[in-house]
Amino acid sequence: MTLAPEKTDLKIQLQLDGEADAWFTVCDLKALLPGRGVAALLPDGRQAALFMDRAGKLYAIDNRDPFGGAAVLSRGLTGTHQGRPFVASPLLKQRFDLETGECLDDEAVRVATYEVRAQ
Amino acid sequence: MTAALGATPTIVLVGHGMVGQRFLEALAERGLTATHRVVVLCEEPRPAYDRVALTSYFSGKTPEDLSMTDMEFIETHGIELYIGDPAESVDREARKVTAKSGQVFEYDVLVLATGSYPFVPPVPNKDAEGCFVYRTIEDLLAIEEYAKTKATTGAVVGGGLLGLEAAGALKGLGVEAHIVEFAPRLMPVQVDDGGGAALLRTIEDMGLSVHTGVGTQEIVTDASGAVTGMKLSDGSELATDMVVFSAGVRPRDQLARDCGLTVGERGGITVDEQCRTVADPHVFAIGECALASDGRVYGLVAPGYEQAETAAATIASDEAAFVGADLSTKLKLLGVDVASFGDAHGTTEDCLDVVYADSRAGVYKKLVIGRDGELLGGILVGDAEAYGTLKAFTGSVPPVSPESLVLPAGAGAPAQLGPSALPDEAIICSCNNVTKGTIRGAVTDHQCTTVPEVKKCTKAGTTCGSCVKVLGQLINAELEASGVEVDKGLCGCFSQTREELYEIVLALRINTYQQLLDRYGREDARGGDGCEVCKPAVGSIIASLAPTIGASGYVLEGEQASLQDSNDHFLANLQKNGSYSVVPRIPGGEVTPEGLIVIGEIARDFGLYTKITGGQRIDMFGARVEQLPLIWTRLVDAGFESGHAYGKSLRTVKSCVGQTWCRYGVQDSVRMAIDLELRYRGLRSPHKLKSAVSGCQRECAEAQSKDFGVIATANGWNLYVGGNGGATPRHADLLAQDLSDAELIRLIDRFLMFYIRTADRLERTSVWLERIPGGLDHVRDVVVEDSLGICEELESLMADHVAHYADEWATTINDPEKLARFVSFVNAPDTPDPVVGFVPERDQMKPDLPLLSIGMRPAEEVLEGSAQR
Ligand code: SRM
Ligand SMILES: Cc1cc2nc3c(=O)[nH]c(=O)nc-3n(C[C@H](O)[C@H](O)[C@H](O)COP(=O)(O)OP(=O)(O)OC[C@H]3O[C@@H](n4cnc5c(N)ncnc54)[C@H](O)[C@@H]3O)c2cc1C
Ligand code: SF4
Ligand code: FES
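Chains as they are written, first to last, in numbering that gives the first Met the number 0: chain A, 0 to 118; chain B, 0 to 868.
A couple of the hints might just be wrong.
Computed list of lysine-lysine pairs in PhoX-like fashion (alpha-carbon distance at most 20 Å, straight line) [unchecked claim]:
| hint | chain 1 | residue 1 | chain 2 | residue 2 |
| --- | --- | --- | --- | --- |
| 1 | A | Lys-29 | A | Lys-56 |
| 2 | B | Lys-147 | B | Lys-845 |
| 3 | A | Lys-92 | B | Lys-687 |
| 4 | B | Lys-149 | B | Lys-125 |
| 5 | B | Lys-60 | A | Lys-92 |
| 6 | B | Lys-468 | A | Lys-92 |
| 7 | A | Lys-29 | B | Lys-147 |
| 8 | A | Lys-92 | B | Lys-575 |
| 9 | B | Lys-125 | B | Lys-60 |
| 10 | B | Lys-468 | B | Lys-458 |
| 11 | B | Lys-149 | B | Lys-170 |
| 12 | A | Lys-56 | A | Lys-10 |
| 13 | B | Lys-817 | B | Lys-170 |
| 14 | B | Lys-149 | B | Lys-575 |
By construction, these hints were calculated from the structure, which means they are not laboratory data. Predicted model, so just to flag it, every value in this text is computed and none were measured.
Use the sequences and the hints to build the structure in full.
Structure below.
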């Protein structure tokens, strides 16, 4: 996660499978609205949800809602809970920590997270 | 327990199920894991998981979600856990257990927690391909795979608690499900004939077929040996592709039998009150494999937990005894309320039944009352709302008459028996045996203030969950009683109520959320990102006051876009598979043939499912997010506008045909409904607003069930407010009579603006009217008599709204930057979301729900299984 400087031609990149050099370019930084997400289709068919908070920090987690199965987490509302950034699923409102993928409402559930940067 | 001098004594636990895991926790709590070597032999390929919640696998829980074992706990306590390695034999003489892997463990104490196995009646072909049981995660994986690839019909043998859960699960897998029960009614153990009848109705209404009073005689197979049907005892044959046996369980006592321990006549390892086997003081048995000292084998988790605690205490040389337990249960099947508790069948001498039954509504409630008026038990079918409280009152004399406890709300004097009336000894959570006193203690002595905190502290509510509601009520009551001010703030970000925030926004003309949060938010929330509660609430306040405070009236403009609830952000309603529904506004329900044709053409061209709604309009379902702009371009071209089916705003103003056509009509109700709908369309409010106009007192438009309803009189209009359908219906109250058109509209303007100003988030007018001090009289004083002198302001706020209304879909389709957001993937705008798929039904289509579970399960074989579809 990096802080995004004031530049318009920056691209958002996701790290694939934890490989140090496998950065996958998703979109222009300006496609992201602070407080909202977008979904990205990854080369292996998985989907990621990308978010930017009000300070410009980027996050990426899996797009599938593990409770309902639909690929909609990118469409949820974001916020902070006790200092942890989260997105609330638009289906049944469970919240997921954007940094760890942990579900804040059900410790047993977690979604995948991705390293993300603007460059 | 003593051991050879110098050596660490060893406890060997056979079976790592729910009770085994609780036993380990009890050992750790008593410090026994520090003084003992603890060895666990676990037969299943995974450590202990929540078997009670097994069925929730089909509603999306993964095996990981169900796990009850924290590996960190196992490691920190130095527990040796052997997964997939069952005990094969016990040599009691030498005090040794041999595992399947060949490892041998010496023990000082042996604890058997081997659970049960599902009983399969000895019918021919019971092991054929397509026959299953319902006990482990592996069973469910196999059922799922078979249902998805090889079956369209399934039959469950056994109509008990588990059988119904299994049948519900089959149905959820898209299989047509039958239940075959030998007894004359469903859930014969828990409910009586009356309850069975009510239950039958509900289950059949859910689309499950029930066959009671018949037994299974033979499983019929085809040449390849796969199930094709079942022969029943009445001579009939039921065609089915799969069979799930759920005909009860039997204790797994083979290991104990083999080593010469005493077992009961009908199975179960015989133990004393300390859960020690009667044959050998070094061996204990707990959970479903044990035959307790009261002569019962318990098939529920709560008694097993108590046995686990008892055994651990005994090993620690503390005093404890298990002498019997309660058999209260509640069915966890979605959409069916069934519960029984205490002496449900009234076996106590001299007891009396109090019964309320409404077979049309599928409701049946019975309470068993003892000689001295004490509540002994009961059965609730169709409405188990009171289960938590009633169960806790069992054994005591309730403070109100038993009749009033079973009557439905509204009939006679409904007794709202709150948990505060309970004695401290009352068991609130029967799964974990937690009393009201313990819960109060968690709040007063351990500073717990929320349900999750109390759950963690007391374990209450962590198993079946049926007590959580009562738990919440108790915590709040306790907090209030101890003078702790219950925080009335909107959320973790704001200490103000919604009403207070509205006043701040209006008075100070604050028109962004960030300004409001940074200046008026709670200290630690300032500068942050807010939350999913306050963002839409503030977004709504800003939208309803937009023209007045100088904000944009377009909800997707600038910062406002990030505040909107997900539906408002896409100006459509999200469906369970990630597709959307589209509802154009049809004011007053009046639509031209051309309008109908346009809607029909659009639905046909985009392949949408169409349905007439309960609000006199047409809903088109199954639009992919990238289709929304295309659909709306055509709708807007044809003169349609957003119907705000997604917004907390005006929905519909229903109308009857009224004076123009109807022989009874006294005013033109259609015209008035259209006028009202066009006036208030797009008005953002604390919750949705609904209205209706009827042309005479016959009330065909059901105006008295609306937030504001209008009924024509010979002299004008009567205005009713605060009506509601939904879960808690309320008839509207008459606010004013015989109004002229202008008077009517002025009064509604004031009423709505006063509601928007003072209501809580997500508070319908009905709830608001009941809550605000002074109720209807106060509202009448304010909006009719202008007692607060604010009516002029209320009217001018509404005038601003009306003057600035613009259709948000028309604005959106003309804004390329906004349109770019309507894609499934930011990096592949032309690719549709592959999870959104549809299958045919009744000449239209419906979501392909199994698609949603593909890739959701980590187990590879399941992945492959579902991919074959
Ligand atoms: C489509 C429709 C059912 C139908 O097929 O007929 C419907 C569908 C939904 N209703 Fe409804 N309600 C529909 C008429 C009703 C009615 C009947 C009426 O309006 O005359 C009621 C009872 C009247 C009332 O509201 O007082 C009704 C009471 C509810 C409630 C309970 C509200 C309450 O105060 O208790 C909810 C839940 C909520 O809003 O919190 C709800 C929520 C919903 C939601 C929004 C649930 C959701 O979040 O997904 C459904 C969205 C449908 C969609 O995606 O398009 N719907 N709903 C009806 C749309 C009417 C329309 O044209 O806009
Ligand atoms: C679908 C379903 C729904 C249920 N719903 C409820 C409910 O709502 N409320 C309720 O109170 N109860 C419910 N139950 C019952 C509840 O799950 C059991 O009472 C509880 O799991 C019993 O715990 P246990 O540890 O005794 O047995 P189990 O959880 O069955 O654990 C026993 C374990 O021992 C293992 N084992 C057996 N033999 C050996 C061996 N030789 N070596 C090593 N390991 C061995 C087994 O593989 C198993 O993993 C439900 C059960 C099911 C199947
Ligand atoms: S409410 Fe009265 S006017 Fe309207 S349709 Fe019914 S009977 Fe006719
Ligand atoms: S009663 Fe089951 S969790 Fe409390």
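Outcome of the hint check:
As the CA atoms of Lys-29/A and Lys-56/A are separated by approximately 13 Å, the hinted pair is consistent with the 20 Å bound. Taking the CA atoms of Lys-147/B and Lys-845/B, the gap is about 17 Å. The hint holds against a cut of 20 Å. For a cut-off of 20 Å, the pair hint linking Lys-92/A to Lys-687/B stands: about 19 Å separates their Cα positions. Taken as a hint, the Lys-149/B and Lys-125/B pair is honoured in the structure, with Cα atoms around 18 Å apart against an allowance of 20 Å.
Between Lys-60/B and Lys-92/A the alpha-carbon distance is near 16 Å, which keeps this suggested pair within the 20 Å criterion. Restraint check: the Cα-Cα separation between Lys-468/B and Lys-92/A comes to about 19 Å, which is no more than 20 Å; the hinted pair holds. Annotation: proposed proximity of Lys-29/A to Lys-147/B is violated, straight-line Cα distance about 43 Å (limit 20 Å). For the hint pairing Lys-92/A with Lys-575/B, the CA-to-CA distance comes to about 13 Å; that is within 20 Å, so the pair holds.
Of the supplied pair hints, the one linking Lys-125/B and Lys-60/B is violated, its CA atoms being roughly 30 Å apart against a limit of 20 Å. This hinted pair checks out: Lys-468/B and Lys-458/B have alpha carbons roughly 15 Å apart, not beyond 20 Å. Restraint check for Lys-149/B and Lys-170/B: satisfied, since their Cα atoms lie roughly 15 Å apart, inside the 20 Å limit. Taking the CA atoms of Lys-56/A and Lys-10/A, the gap is about 14 Å. The hint holds against a cut of 20 Å.
Between Lys-817/B and Lys-170/B the CA atoms are separated by roughly 41 Å; this puts the pair beyond 20 Å, and the hint is violated. The straight-line distance between the Cα atoms of Lys-149/B and Lys-575/B is roughly 25 Å, outside the 20 Å bound, and the hint therefore fails.
Figure legend: structure checked against the earlier numbered hints; hints not met, in rising order: 7, 9, 13, 14.
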